[in-house]
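Now for the letters of each chain:
Number of protein chains: 4
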Amino acid sequence: MLDFEEVQKHNTKDDCWVVIHGKAYDVSKFIDEHPGGSAIILKYAGKDATKVFDPVHPPDTLEKYLGKEFHLGEVKMPEKTPKKEYDDDPDEPPSQEELQRRLNIANMPDLAQIYNLNDFEFVARYTMNKIAWAYYLSGCDDEITLRENHLAFHRVFFKPKVLVDVTNVDLRTKMLGTEVELPFYITATALGKLGHPEGERVLARSAGKQGVIQMIPTLASCLFDEIVDESLPDQTQWFQLYVNKDRKVCREIVEHAERRGMKGLFITVDAPQLGRREKDMRSKNFEDLSHVQGDDEEADRSQGAARAILSFIDTALQWSDLEWFRSITKMPLVLKGVQRIDDALKADEMGIDGIVLSNHGGRQLEFSPPPLELLIELMPILKKRGLKMEVYLDGGVRRATDVLKALCLGAKGVGIGRPFLYAMSTYGDEGVYKAIQVLRDEMIMCMRLMGATKISDLDESMIDVRRREVVEDKLFGKVYEELESPAFKLKL
Amino acid sequence: MLDFEEVQKHNTKDDCWVVIHGKAYDVSKFIDEHPGGSAIILKYAGKDATKVFDPVHPPDTLEKYLGKEFHLGEVKMPEKTPKKEYDDDPDEPPSQEELQRRLNIANMPDLAQIYNLNDFEFVARYTMNKIAWAYYLSGCDDEITLRENHLAFHRVFFKPKVLVDVTNVDLRTKMLGTEVELPFYITATALGKLGHPEGERVLARSAGKQGVIQMIPTLASCLFDEIVDESLPDQTQWFQLYVNKDRKVCREIVEHAERRGMKGLFITVDAPQLGRREKDMRSKNFEDLSHVQGDDEEADRSQGAARAILSFIDTALQWSDLEWFRSITKMPLVLKGVQRIDDALKADEMGIDGIVLSNHGGRQLEFSPPPLELLIELMPILKKRGLKMEVYLDGGVRRATDVLKALCLGAKGVGIGRPFLYAMSTYGDEGVYKAIQVLRDEMIMCMRLMGATKISDLDESMIDVRRREVVEDKLFGKVYEELESPAFKLKL
Amino acid sequence: MLDFEEVQKHNTKDDCWVVIHGKAYDVSKFIDEHPGGSAIILKYAGKDATKVFDPVHPPDTLEKYLGKEFHLGEVKMPEKTPKKEYDDDPDEPPSQEELQRRLNIANMPDLAQIYNLNDFEFVARYTMNKIAWAYYLSGCDDEITLRENHLAFHRVFFKPKVLVDVTNVDLRTKMLGTEVELPFYITATALGKLGHPEGERVLARSAGKQGVIQMIPTLASCLFDEIVDESLPDQTQWFQLYVNKDRKVCREIVEHAERRGMKGLFITVDAPQLGRREKDMRSKNFEDLSHVQGDDEEADRSQGAARAILSFIDTALQWSDLEWFRSITKMPLVLKGVQRIDDALKADEMGIDGIVLSNHGGRQLEFSPPPLELLIELMPILKKRGLKMEVYLDGGVRRATDVLKALCLGAKGVGIGRPFLYAMSTYGDEGVYKAIQVLRDEMIMCMRLMGATKISDLDESMIDVRRREVVEDKLFGKVYEELESPAFKLKL
Amino acid sequence: MLDFEEVQKHNTKDDCWVVIHGKAYDVSKFIDEHPGGSAIILKYAGKDATKVFDPVHPPDTLEKYLGKEFHLGEVKMPEKTPKKEYDDDPDEPPSQEELQRRLNIANMPDLAQIYNLNDFEFVARYTMNKIAWAYYLSGCDDEITLRENHLAFHRVFFKPKVLVDVTNVDLRTKMLGTEVELPFYITATALGKLGHPEGERVLARSAGKQGVIQMIPTLASCLFDEIVDESLPDQTQWFQLYVNKDRKVCREIVEHAERRGMKGLFITVDAPQLGRREKDMRSKNFEDLSHVQGDDEEADRSQGAARAILSFIDTALQWSDLEWFRSITKMPLVLKGVQRIDDALKADEMGIDGIVLSNHGGRQLEFSPPPLELLIELMPILKKRGLKMEVYLDGGVRRATDVLKALCLGAKGVGIGRPFLYAMSTYGDEGVYKAIQVLRDEMIMCMRLMGATKISDLDESMIDVRRREVVEDKLFGKVYEELESPAFKLKL
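Chains as they are written, first to last, in the UniProt record's numbering: chain Z, 1 to 492; chain B, 1 to 492; chain A, 1 to 492; chain L, 1 to 492.
Just chain Z, same shape as in the assembly:
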């Protein structure tokens, strides 16, 4: 049992110990190769780093990445004074901004005052810590794609039927062979603990309770097994995969996922390199944290970051690799991030089980087409060829009308990401439950008003896609946080 006073002495770059969850580690050798940069480690040299370690690392990180020889064992930590709500460093008093945020948290609206998904986003914007908020909301470059994903839905109008018996509305449908209660799913998003201490487990629980599918991300902050363990016996989950260069590792992950009951393997194909997300990059202490997901460009240049977490992703992944995946798993195979008609057709020809039209929520390539626009163009072609695979879509969804439009156009289901993160980050389990509930209520109402009583009633005859002008929605327009430049401050 180490003494904490001993630990505190090892507080230099060359002799650097840190405490995580009551255990000390010697990270002196590792410090230069830390994908998140050395600065953040040095800041906690000789200190307890648990608070900053947790949100951005899965619990098994040190086991996996740090040699056993650097595990120094348990530390006898000093008696803590009863935990204060905010555990500020006495040398670093909280900023005015942070104080305002705490005040905001104290004055959060009651969950009963939340009427739609934008409301969650509002509350999140003013109560989440800045780094987490910036990480979740950030899009690439000028965020044109981010906004277009959403606005594309506003170019589509309904052709509602009247005088239909709409007493009973049934929202159930099938996705990849699974019966689900609602025609949307919680899509994979990274670093859930940035928003909530229990991270992706929160999403798993609420999804389970309402019969909604959750797609578990490779880059979860919880362990994959922790998330699966959180699910109900008959709860359907899918697995999102970043393909590892090391195919052996990759195979292990896939086989493990299948063993744990995953009902779909979603291979991300739109992220051989991370997009430039400037809000995220600008957020305070960016250097300290944001490299957790790595940046393989940087990685290529600095040997020290060669082991960056994301650098495992195979930039050479090709169509021909897909056969191999077929050979190692029986899970339905879905390509997540298809952005072009040709590629969709090729996937169909190759017998892939499904595709997700997605541009990664506007976080990767600026001016990638909004998924809804792509869907409008793709489906008639696919139908003419005799649709075999299932088509999904994610990006920009905020209302039940958005979901219904995609379904009318031929999508099997719709992925929703950020809104659930915001619901989780603000109101936890209850927030996510309510978010699903809000969508469900909106959906029943809209189905009735469209003259549709079951998902199969929704088809292209219910929809008008001829309009080209966008009508902006005021709530989204207000919650959207515009990009800023550091020079802004010069004006003050």
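Among the clues, some could well be false.
Listed next, the in silico DSSO-like pairs over lysine-lysine satisfying Cα-Cα at most 27 angstroms (straight line) [claimed, not checked]:
(1) B:Lys130 x Z:Lys478
(2) A:Lys474 x L:Lys51
(3) L:Lys474 x B:Lys474
(4) L:Lys130 x L:Lys51
(5) Z:Lys489 x B:Lys130
(6) Z:Lys478 x A:Lys489
It should be emphasised that the hints constitute simulated quantities derived from the structure, not laboratory data.
Keeping the supplied structure of chain Z fixed, place chains B, A and L upon it in accordance with the hints.
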């Protein structure tokens, strides 16, 4: 004769009396089934509830809904000190917002300063009580449909003729066989007493004086007969019907309407369920009042609200039911809320006398097509088939040019709703009279400047519908109150 | 010689004298028939009314409209204290707004700081008196047409030629047979004295100096002869005619105009009734002044205003009347205010010499097509039929590029109105001269950069009209004063 | 050796000496012919004018333009007190605005906080001196073309390919026969010293270090040879030529450029006259400095400015002159400023080596087509005819996506101007280096995400140009400084 002191003792949920118009009622048994929720009743337990009862209940509500055994008889009310302008509860001093509103009322512009319908809306926005204002103006979801209804008129331009003798302009036309002075009508809107103590009777009087048709709503706050009684001998009125599940009740209503001289039966077909109107939902004390119209979703879930006023609406109403209506009345039959070409054609084929292209003023299904857009597409098809039924339209009309565009495109007449509510809520009878006058003056001027002297001069050769870009009008843009989220307050 | 003290006694409605230019008039009998209303006369009963009379009445008004028996002769006015800059009524101290305006005038930018026509408008907005400003700038209804007139130019792009010898640029062209220095003219606008004490004479002088045609309005505040007298010997002027119901009067006016050398008769065909110009109507003291031009609707209703100046306009003017004009004058005949292809073709067929595509500067019918859009559509048709008449256009022109676009599209010339009024109202003669100079400089530069050296080089091959989206210009966007409602003040 | 006290005596218009770089000159005879006006010279009569002379004159100006007889020789200048950071004239204390600017400079963001080219522009806006900033950013007229150049890129979307091996990305390409590292070049812009004391030399150095081509402008503030001397041995530079009326001078310049190793001759064809740049014209002390580039309109009118620097430009330059250029140089010949399909085709037919689709950065003819739009239309025609010449484009480029779109559409390379000026003016060499680096990083990322690994992979199949609506980018929208009128100040 009961003593008021006695009444005051019955102020608990289990023993709950209230006074309405000087009569006491025991509502203990009813409290859980009150469509507007129990909270509002409890607030007035043992008190005089007339002030809050009146605006949202037709006068015969208690007669109809409360068993005779709970009618306790007249109450000797204490001498009132002379009525103060605002009868504030001493325990609940008026908010800053409310004080500002009262100041606004004291400084209302003279009616002579009102030049157009938007002006009424402005004055209403700053002088009406918040709940009433929110109820009237609210649209569904993000209010995109609400705004599009209006903006659609801005895509249409005229092709004015010059060198035509326009000395005499005649605005008379025929609707459903009735000669009218002006080619628009006051359409049905619920809860008129929220804006004016005399509610729909105000509209009836002004309509009568200027030869304009009023459509009487099922959900009026005045009794149907009160409104009819207010009309002039030869005044034309129509009746808007929410179809009751109980066809016997329904038949009685229809037959009564016909007996009282209604010249048209407008069956609402766009509201099997109420739309989500978030402004209304957010307005203070929403829980207390807004359920008056019910929310059958909620209703389905909570047995207590099973008798919610709106729950009588038949969600199973179908095309085949229309024959039955034919069999019980000789009034012309019109479908209000048609939103799709197919349905319009079907109505025509079935020999329905008319349809109203309408999306319920943007209050029901978001992304329902703007009625004017639908009209542009529908009329050429109808004309080719030999138009039999009459086509009306409502939603977004604010100027005579809007009305004239619809007429050029083939509409028989145009319904106007909210603007008359705002005129009524601000300036009462004089306001509504002036609103009609303003439209009349604008219309005469526009007809002259278009080179048209009678309604039949207006046809599609006078109109250009090729433009797709919207030009926003500044007054509407300013009077439109944007949606807000509760989290807004967090920023302060 | 009357004593002013005597005049002062006649200060009631029944016994009402006023002094104009040192002469007393008994207006008791006339007061109810004053087209501008009785209020303004009563305000000056027994007083010197010259100051308010002048800007809105041609000098011969009393001679023409008031019987000789009411001319009371000269008045011995009291010695005036040396004239103060602002002659405020001691009982009515100037408003805060007016004081600001005076400060603005004291701080007016130097004319050298004026770089374009928008600059004049800016200065005018902040230095002109409110009534004059409102009268000049006001458009009809929501001013959509006013703004569209201007914005329509922004949908047209050039196809500039390079490597052309552009050393010498010649801007001369011919309009209705007259050689002119510049391809635009100062179009007719009413009430010039509202902006400058010398009114239309200022425009006449500057036009003459630079070889630009001025179109003299029927409703000038100067006498027609005063304006003509101001012109140079060989200066070309045109005459704009509101056609009088009394054809004898009309004939006298036309014959007089021809005798005084007018080179074109522009018959206004877009104003059988004045449009609703709400800014003008709302401007302070509207009742007092704005009816000077009358409002024949009102006129029809109130016998008292039967002699309203504008009521002389013939609302029955028709195509068949044009022959008569041909018979009484040899001046080229032009229809001002054509707004529709059919009418343009009919004018051409009838052998009319020219038309002005115009919607009266957006002051008459809202949603009349922007003249430039009409030109784009009309010219190919006219050319195919073998263009005989000349086509002009006015409305929304602010830059030389606007003029050049119209010329490329086939217009013979372009009318510019408000900008010259603003230049005149702010900097007088020098302002108007500079305004013409600015346009000339811009035009030479643009011609060079387009690779054109003479007006006949400009044709449709230089222009691209396929674009539909408007690009807003920031200066116009800022100088444009948005419509406001009286209820705005309620918010304060 | 002259005494400075002697110089100080010659401080009148008729007897006017100035000191430049320690040498005295008698400019009395020259003062009226100074292209920049006499005011600025008089301000420095009898004084040291080096500070204001330097940024706007190449060092050899006096040698070239002032007769030897007026060179008075070296001056013994008084001992200077140690240079202060800002050398204010004691009689003219710095304005509030200027003090703010200095504060801004003191608080400039660290270069590490700069993430994109807009960031440089922001910093420049708040730290550059007003005259320099206005000169660089100004566009012509209402700056619609300036903004459209940029916004045009937002109408184009990508069609990204997935599942392509993008491990290695190669950005190298060939322009006019030279292999370059990156597919863009630093285009020619005038008066570099306004932004940085070393002017165009800064650009030369950074371009050289990263294998980017620099186009050297005729109107550089550095001497042509100074710039060339700054380049690395194998660095490629091009030369931009304003064609001199005096063909002998012109020939000397061209031959000198070729001798110094220029690899392309870019003849500017879009500037026979300078455009009206109102921001520049309005910027303080405009009269003093901005005429440096002359204004040949003015020049034509005032004999005094006959020798204005720009008056040398041949307004008669024609297609037939191009043969002559072929005859005097072997450098590839490129036309800079082509704005029309016809002219592009003509250039191709004449065997010109290349064209730059450009409207001079929106500084010349307002409503010249955005280069990207022109490219979209031109390339299919050129390809059908068998493309011979190379097509370049400049104007509005701010992101790597902009560059890649142009390349997909068939451009050989893209010119970038202002962003490098802003980078240079704020952070000097490091700024320009970083600006190139930012573009390079963005470009590698985008290529990967598009599924392209080399420039030749980019073709029209990767691009969607059907969209017509513009999506605005927030950073550009914020950094863009709107036009203002002097009357703005009246409101205060």
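For each hint, the structure was consulted:
no., hint, result
1, B:Lys130 x Z:Lys478, "holds (22 angstroms)"
2, A:Lys474 x L:Lys51, "violated (35 angstroms)"
3, L:Lys474 x B:Lys474, "holds (24 angstroms)"
4, L:Lys130 x L:Lys51, "holds (16 angstroms)"
5, Z:Lys489 x B:Lys130, "violated (39 angstroms)"
6, Z:Lys478 x A:Lys489, "holds (26 angstroms)"
Hint check: violations occur at hints 2 and 5; the rest are consistent with the structure.
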